[in-house]
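Novice: If you're matching positions, the sequence shown starts at 1081 in the working numbering and goes up one per residue.
Hints in this document: simulated from the structure, not taken from any laboratory. Treat the hints with care, as some may be off.
Claimed, not checked - Below are the DSS-like pairs computed for lysine-lysine, each with C-alpha atoms no more than 27 Å apart in a straight line:
hint	residue 1	residue 2
1	K1312	K1131
2	K1117	K1188
3	K1262	K1193
4	K1131	K1117
Stated by the list, open to error - Label-pair distances were calculated between CB atoms; the ranges are:
hint	residue 1	residue 2	range
5	A1272	I1348	17 to 27 Å
6	D1240	L1261	34 to 44 Å
7	G1170	D1297	19 to 29 Å
8	I1348	A1224	29 to 39 Å
9	S1319	R1091	38 to 48 Å
10	S1347	A1224	24 to 34 Å
11	Q1088	G1314	35 to 45 Å
12	S1315	N1279	18 to 28 Å
13	Q1236	K1117	43 to 53 Å
14	A1226	D1136	38 to 48 Å
15	R1278	S1347	41 to 51 Å
Don't be surprised by glycine CBs; every beta carbon is placed ideally from N, CA and C.
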Amino acid sequence: MSKLLEAQPRRVETIEPGAVQLVQITDCHIFASADEKLRGLNTRRSFEAVKAAVADNAGDPDILLATGDLSQDGSADSYRYLAGQFDDLGVPTFWLPGNHDDSAVLEKNFTGKQIDAARQILAGCWHIVMLDSTIRGEVHGRVAEAQLAFLDAALQQYPDRHALVCLHHQALETGSEWIDLKGLRDADQLRARLARHRNIRAVLWGHVHQEFHRSIDGVEWMSTPSSCVQFKPGSKEFSIGEESPGYRYLRLNQDGSLETAVHRIESID
């Protein structure tokens, strides 16, 4: 990702003055072929069900966040398919790569009228910072020093705005031992860096294919279900969950508080 895109924040006009409405969709795991399945689930079909639910039930969101593992096979066709789907929603969409993504192919092919690769977003009185936690060829993640420096510079530039920090890998252990071993190798360093800034209000990620929400010292730490297959919460070893695909809705309020809920699709096996 070019430093120019990281350095220049995008301003998004909010529909409702004083609040920012967000939708997070994550871990879509789309294949090049429309017929491919992940653990028996057609990921295009499940994604389209989630997309329909967002269109029907999420009101008029200001921003949509796609937080990694957009593709399962890193193919150009998978990203082009997703770009068309996200564009259909008509909502400014910002993205991050995940460990399954090919960042170069993603950046080239996940493009559209509504899709933006910026790593800073200014909306209302909020500042959203998007961090790349991927390591090429690895499942686990790391927020490299260059990303931490970018985070510091971004937050110092807008100290009076409430901050939401997004990344792909989990910044806290979720209680699922096997996936926590595949999280951030330097999560403590990220948390220490975040603690330097008084305007952090929330940290949001994907990767774990399950819902997680914990409040610590006024900061909300959250993960969101995948738009396809779920991982069983609290599992010691790799386990597929029976929960349905879903997305997360967030309302970021002017006073720095937030309201959030996970919505799941019940009409899919």
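Novice: Hint by hint, note whether the structure agrees.
Specialist: Now for the hints, and whether the structure bears them out:
no.	hint	result
1	K1312 - K1131	holds (23 Å)
2	K1117 - K1188	holds (25 Å)
3	K1262 - K1193	violated (34 Å)
4	K1131 - K1117	holds (18 Å)
5	A1272 - I1348: 17 to 27 Å	violated (41 Å)
6	D1240 - L1261: 34 to 44 Å	holds (39 Å)
7	G1170 - D1297: 19 to 29 Å	violated (37 Å)
8	I1348 - A1224: 29 to 39 Å	holds (37 Å)
9	S1319 - R1091: 38 to 48 Å	holds (43 Å)
10	S1347 - A1224: 24 to 34 Å	violated (41 Å)
11	Q1088 - G1314: 35 to 45 Å	holds (41 Å)
12	S1315 - N1279: 18 to 28 Å	violated (35 Å)
13	Q1236 - K1117: 43 to 53 Å	holds (46 Å)
14	A1226 - D1136: 38 to 48 Å	holds (41 Å)
15	R1278 - S1347: 41 to 51 Å	holds (44 Å)
Checked against the numbered hints given earlier, the structure breaks hints 3, 5, 7, 10, 12 and satisfies all the rest.
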